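Residue numbers (numbering that gives the first Met the number 0), protein chains in the order written: chain A, 0 to 422; chain B, 0 to 288.
Simulated from the structure, these hints should not be mistaken for laboratory data. Here the structure is a predicted model, which means the values were calculated and not measured. Ideal Cβ placement from N, Cα and C applies to all residues, glycine included. Be careful, since some hints might not be right.
Unchecked claim - When the alpha-carbon atoms are kept at most 30 Å apart in a straight line, the in silico BS3-like pairs for lysine-lysine are as follows:
| no. | chain 1 | residue 1 | chain 2 | residue 2 |
| --- | --- | --- | --- | --- |
| 1 | A | K179 | A | K235 |
| 2 | B | K285 | A | K103 |
| 3 | A | K103 | B | K283 |
Said to hold, decoys possible - Derived contacts from chain B toward chain A, CB cut-off under 10 Å, selection only:
| no. | residue |
| --- | --- |
| 4 | R15 |
| 5 | Q82 |
| 6 | P85 |
| 7 | L169 |
| 8 | T170 |
| 9 | C175 |
| 10 | M185 |
| 11 | T208 |
| 12 | F216 |
| 13 | S217 |
| 14 | N218 |
| 15 | D241 |
| 16 | H277 |
| 17 | R280 |
| 18 | D284 |
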Amino acid sequence: MTTREGDDNLPEKAPVPDPGLPDHTWRPTDVDEAAERRAERQIATLFGLSALCAVLFVVSYVTLDIGEVTTTFGGLGASNLALGLSLAGSLLFLGIGIIHWARKLMADHEIVEMRHPARSSDEDRTETVAALNLGIHESGIGRRPLVRNSLLGALGLLALPVPVVLLRDLGPLPGDSLEKTIWAEGMRVVRDVTGTPIRPAELQVGDLVNAEPAALFETDDEGEPLIEGVQLQVEKSKGAVIVVRIEPEEITPGEGREDWGVDGILCYSKICTHVGCPISLYERTTHHVLCPCHQSTFDLADAARVVFGPAARPLPQLALAVDSEGYLVAQADFDEPVGPSYWERDSRCASTPARWRRATPPPRPRRRSRVPPVPLPPGPTTGWAWPRRARSSCARSSPTTGRSCSVRSRCGASSSCCSPAPS
Amino acid sequence: MRFLNRSAGRLSRHRRGPLAGLLVLMLGLLLTGGLYTAFSPVQASDSASNEELVAEGRELFLTNCAFCHGQSGEGVRTIDGNQLGPSLIGVGAAAVDFQVNTGRMPLMQPGQQAPRKAPTFSEEETAAMAAYVASLGPGPAVPDPSDYSLEGMSDEERQEAIVRGGQIFLTNCTACHNFTGGGGAMPRGGYAPAILGVDPKYVYEAMLTGPQSMPNFSNGNLTPDAKRDVIAYLESIEENPDYGGFGMGGLGPVSEGLFAWVVGIGGLVGFCVWIAAHTTRSTKDKVTA
Numbered sequence: 000m001t002t003r004e005g006d007d008n009l010p011e012k013a014p015v016p017d018p019g020l021p022d023h024t025w026r027p028t029d030v031d032e033a034a035e036r037r038a039e040r041q042i043a044t045l046f047g048l049s050a051l052c053a054v055l056f057v058v059s060y061v062t063l064d065i066g067e068v069t070t071t072f073g074g075l076g077a078s079n080l081a082l083g084l085s086l087a088g089s090l091l092f093l094g095i096g097i098i099h100w101a102r103k104l105m106a107d108h109e110i111v112e113m114r115h116p117a118r119s120s121d122e123d124r125t126e127t128v129a130a131l132n133l134g135i136h137e138s139g140i141g142r143r144p145l146v147r148n149s150l151l152g153a154l155g156l157l158a159l160p161v162p163v164v165l166l167r168d169l170g171p172l173p174g175d176s177l178e179k180t181i182w183a184e185g186m187r188v189v190r191d192v193t194g195t196p197i198r199p200a201e202l203q204v205g206d207l208v209n210a211e212p213a214a215l216f217e218t219d220d221e222g223e224p225l226i227e228g229v230q231l232q233v234e235k236s237k238g239a240v241i242v243v244r245i246e247p248e249e250i251t252p253g254e255g256r257e258d259w260g261v262d263g264i265l266c267y268s269k270i271c272t273h274v275g276c277p278i279s280l281y282e283r284t285t286h287h288v289l290c291p292c293h294q295s296t297f298d299l300a301d302a303a304r305v306v307f308g309p310a311a312r313p314l315p316q317l318a319l320a321v322d323s324e325g326y327l328v329a330q331a332d333f334d335e336p337v338g339p340s341y342w343e344r345d346s347r348c349a350s351t352p353a354r355w356r357r358a359t360p361p362p363r364p365r366r367r368s369r370v371p372p373v374p375l376p377p378g379p380t381t382g383w384a385w386p387r388r389a390r391s392s393c394a395r396s397s398p399t400t401g402r403s404c405s406v407r408s409r410c411g412a413s414s415s416c417c418s419p420a421p422s
Numbered sequence: 000m001r002f003l004n005r006s007a008g009r010l011s012r013h014r015r016g017p018l019a020g021l022l023v024l025m026l027g028l029l030l031t032g033g034l035y036t037a038f039s040p041v042q043a044s045d046s047a048s049n050e051e052l053v054a055e056g057r058e059l060f061l062t063n064c065a066f067c068h069g070q071s072g073e074g075v076r077t078i079d080g081n082q083l084g085p086s087l088i089g090v091g092a093a094a095v096d097f098q099v100n101t102g103r104m105p106l107m108q109p110g111q112q113a114p115r116k117a118p119t120f121s122e123e124e125t126a127a128m129a130a131y132v133a134s135l136g137p138g139p140a141v142p143d144p145s146d147y148s149l150e151g152m153s154d155e156e157r158q159e160a161i162v163r164g165g166q167i168f169l170t171n172c173t174a175c176h177n178f179t180g181g182g183g184a185m186p187r188g189g190y191a192p193a194i195l196g197v198d199p200k201y202v203y204e205a206m207l208t209g210p211q212s213m214p215n216f217s218n219g220n221l222t223p224d225a226k227r228d229v230i231a232y233l234e235s236i237e238e239n240p241d242y243g244g245f246g247m248g249g250l251g252p253v254s255e256g257l258f259a260w261v262v263g264i265g266g267l268v269g270f271c272v273w274i275a276a277h278t279t280r281s282t283k284d285k286v287t288a
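Same shape as in the complex, but just chain B (with noise of 0.2 Å):
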């Protein structure tokens, strides 16, 4: 009991101290975190039936989409017949995964683009965002690991693949990609996203759902195995060492052409003007011997 008050006591000369508030308000928190943490309900989507799913979906779906999307997710016009939010009716699982995951919805502004940035929701909520958009109407399911997985495939099998690959990505992918997967331009301030480094389910997913502008590679259009080997032809650039150097985005002469005109031949223009820019003169007579 000494001790204790001794201890205390010690403490107490610091009550006064310059941190000592700071230090209080950081035990609190913890206190209450972990209390929160210990008492809380235990999350109940891993058990959860599809029902409440959907129910849970519908929810995250009321507060978070329907304003663009619908309260049915059936789409909404604006008074002047633009398109607000296209409708989600028969747009599957799928699409949900893809948009949300990626962070491409929600939208923070309408625009011609809807870029990728850090995802907004948990992967539960997404799945029972998903689990409601599909009950709305038959569409692509969330594709399974085995449609777009490499692995299992033999070293042959996969070089064959690389190489169907590669040609349907080439016919079917480079106009708006590039072919070298590092995306480009697209009417009106849109641009195709480079989809180097995608993580296979999103670009599976991309082919299947064809997201904003981008059109469908459906199943029926494109078979699963072909997708599956336009993933491998993706994952087959991403290994393939780059040594040349400072991409400047890959698109070709334009980049390219303007560096060498502003700064390479712009620098050498510089370099001759300080030439004849500077020299020194002496005020001496020279010395004849």
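Next up, chain A with everything else stripped away, as it sits in the complex (with noise of 0.2 Å):
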């Protein structure tokens, strides 16, 4: 201990003694006979009282009833308090008891163990080698390519399956059923559940419709629904909308979507544009309506502006209209992908992919000459130019939420660059 053999730098002697271990006192059990009896009875009392819990465990299963006719105890269920009390009692009885056991009788005296080097011994690995290089040999494994390469190549097939298993669930891609939903141009707006259609008299200022897209409810000529199963599912999630009746001085309509109410009343996606919750926590106050999961809150009566929370853009907005039996409809698809964002989703917005395009083209240039031309950091002068998506991404800012544009919210947040002409 005083000295220390290397360049460990450590003092030749060690500068406060080693003062080893304390000396050990003992416990009253250790000395006195009569405290030892009593500590054993009472370890047994615990481990009996632990045998109790179980067996009336057992008894108040067979015993109380559940179901019709419920045994209650204090306006409790009296079976599920005395399950959880009876359990507990005898598993914290048990574990009691075996504490009690090892602080008041099990020897408590403190040793010392001292460590061995966690290197095998020179022999064990001669040896260990020895068998090794033996079973090279003998093998062949050197000498015979054929087998060892054949061995490596099937090998590394075993481990094709794995991806093909695992990665089967990435696939196929959702190709442009994140752009689309089941809203069309004519389709009427029904209510949720009773999936009766809507008149715009019959809703007054301050009205909320949990609505949903006509078709999920349409039949055939025998009564069952067209779209059933999962496809409904997935046809619902999408197309969930809510319908608002706001007193129409108080509303500013969106750019460009000055004719999508009517009388009032306008048709926002049900889904948040953060991570998909739905949303109806609507105050008609305020107008505004509140995501329970993050609290992102839009402004319904200021085209779905969102005022607070996590959201990077407004809920999309349908564009509504009257048929010719007076009943809301839709004056066509959302124009922008509803719900969270997606990895492609700003990307294919601004290269605006020909079949994501409707059948008249945003009036791009119009939009485009609204946007003050932004200084742009001076490029290499060898005919070099900024890339156009840099520029479209980077020096808009968004003019609903008068936030500068980030990657995430450039598209979505203005709904212009990508949107087409309203009809």
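Relying on the hints, combine the two individually framed chains into one complex.
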């Protein structure tokens, strides 16, 4: 202990002498036989209580009624209460007994256990290496490349099933299903659950209707639903909307959305643009709708502008009209994907692939001219220009949220770079 | 006469007793009250015509409501443009019946929430105010018990109503009122109240008129039958026995998790600390035989 070999820079002598272990002091149960017997009895009693509780558990399981006639105790279900208490008591008394045993009766003197080196002995090491070399030599894995290579190939291919099975759920690719819902031009907006169509005159200012596309309630000649099962759930989750009626003078319609409402009746996607919770916590006095998941708040009177919370873009709005029979219908599908962001949302939006464009392309030049040109840092002079994508993503700020647009929010926040002309 | 004198004398002995003043006061009060009841004019509201009711309601309105809602119920805005009290034109008798009979109005103090409390006005006074407010503009009338009553329904009809009402409730109401009807938090300090144990009439009126921040579910939005179904569902929840123990607000993982972490795990930690802290040692040495 006093000296050390090598250059670990420790003092030759320990500055404080090792005091060693303190003297052991005894417990009353060690020195007093009466105390020892008392502790023994206590421990046995605790184990006995544990056994009693276990028996009580079985008894209450058999005797206490649940179901049509439920035994109650102080307003609580007697069965649950008794089962919980007896099982908890059984475990608790067992635990207390064991701890009591360890602390009172089991030996508690301090012992020192020295560490042993982890390294095997030299003989063991030589023997192992010899056995390994012998195996390599006898199997001839070095001399028979055909066997070796075919084994390696087989092992390599054995790894293939793993990614095939594990990654199978990643496909097939969603295609454009994230960008489209079942809403279409002229489709009626119907009340959820009952499936009845809505006349504008039926709604008063302050009304809130949780609505669905009429297609979900359509049936064939035999009364069987046309859409059912998984498809129904998917279309319902994407197509759910809320319809509200607001005093027309309190509404600030979004750009190009002046004719998307009917007499102050507006319709928005019910799916939060943050992570897709369905929202209908609507306050008619403020026109705010609150998402219960993360408190994103949207102002429905102001094109569902985000007024609070983590959502990056307003709720998509469904353009409303009235059909020949006087019921509310959609003018078209949503002009932007509903629900939360996904990886390609903005890249698809910025490049506007032809298949996503509507029959009438959006009047892009007119809209672009509204955006004031933003000075860009000078690029290299040899005919090099800033890429278009970078320009459209960084230079614009959202007119509705007032935030400078991040890549995440640039499209939906203004809904203008990808929206078609409102018809 | 002699007997009277004697009993008066007996009473007179107690005239300076400690309780004599109190007794005389009680007797006086009882006499005054009895006489007033006997001779005061009979309450006229039962037979009052609608015009008289409106006039009486207007009096009550001017003294109790007009400060915030304006002298003709047109609503009052502060100089900052904030709404002090909303316009009552067109809210109808149902809104007055709901707000006043559940004690929400008159408001104790302006704020985000109008809490439910014991009603300030009697039913007659409320009816008079409701008649006055209804005369300001067309609005929903106080619903008839036949609109929301479940009486006269067979068990089968009732079960169907509960199923339909449950779906309507889960679609339209749970967002704010919780799927148990226990209520929940709303923005800026408000809350959606618990709606279990509420008189079906007020549940119906709340849907009809949209009190405070709650959106309307007018009859064009949710049909009267649908509203009755919702009430049937709520009553089925109330009748459903709850043997689950302590609800802790029915708020789900927040309150239950808090309890488990603080009381449950905290208690276990405390128990462990207590075990480790208690060790008795003897000063004696062990006698080795």
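Are C175(B) and chain A close enough, Cβ to Cβ, to be under 10 Å, as the hint says? holds (5 Å)
Does Q82(B) hold up as a contact with chain A if the rule is Cβ-Cβ below 10 Å? holds (8 Å)
Pair hint K103(A) and K283(B), alpha-carbon separation not exceeding 30 Å: Judged against 30 Å, a Cα distance of about 16 Å means the pair holds.
Does K285(B) pair with K103(A) here, judged by a C-alpha cut-off of 30 Å? Within the cut-off at roughly 15 Å; holds.
Let me know if the C-beta of T170(B) comes in closer than 10 Å to any C-beta of chain A, holds or violated. holds (5 Å)
Would the hint on M185(B) be counted as holding, given a Cβ-Cβ threshold of 10 Å to chain A? At about 7 Å, which falls below the 10 Å cut-off, the nearest Cβ of chain A leaves the hint on M185(B) intact, so it holds.
Does D241(B) pass the interface hint, meaning its C-beta sits closer than 10 Å to a C-beta of chain A? holds (8 Å)
Go through the hint on D284(B) and say holds or violated, using the shortest Cβ distance to chain A against 10 Å. holds (7 Å)
How about R15(B): closest beta carbon in chain A under 10 Å, or not? violated (54 Å)
Take the shortest C-beta to C-beta distance between R280(B) and chain A; is it under 10 Å? For R280(B), the interface hint holds, since the closest Cβ of chain A sits about 5 Å away, which is under 10 Å.
Restraint check, 10 Å cut-off on beta carbons, for N218(B) near chain A: Where the cut-off is 10 Å and the nearest Cβ of chain A is about 8 Å from N218(B), the hint holds.
Against chain A, is H277(B) within 10 Å by beta-carbon distance? holds (9 Å)
Violated hint for the displayed structure: number 4, the only one.
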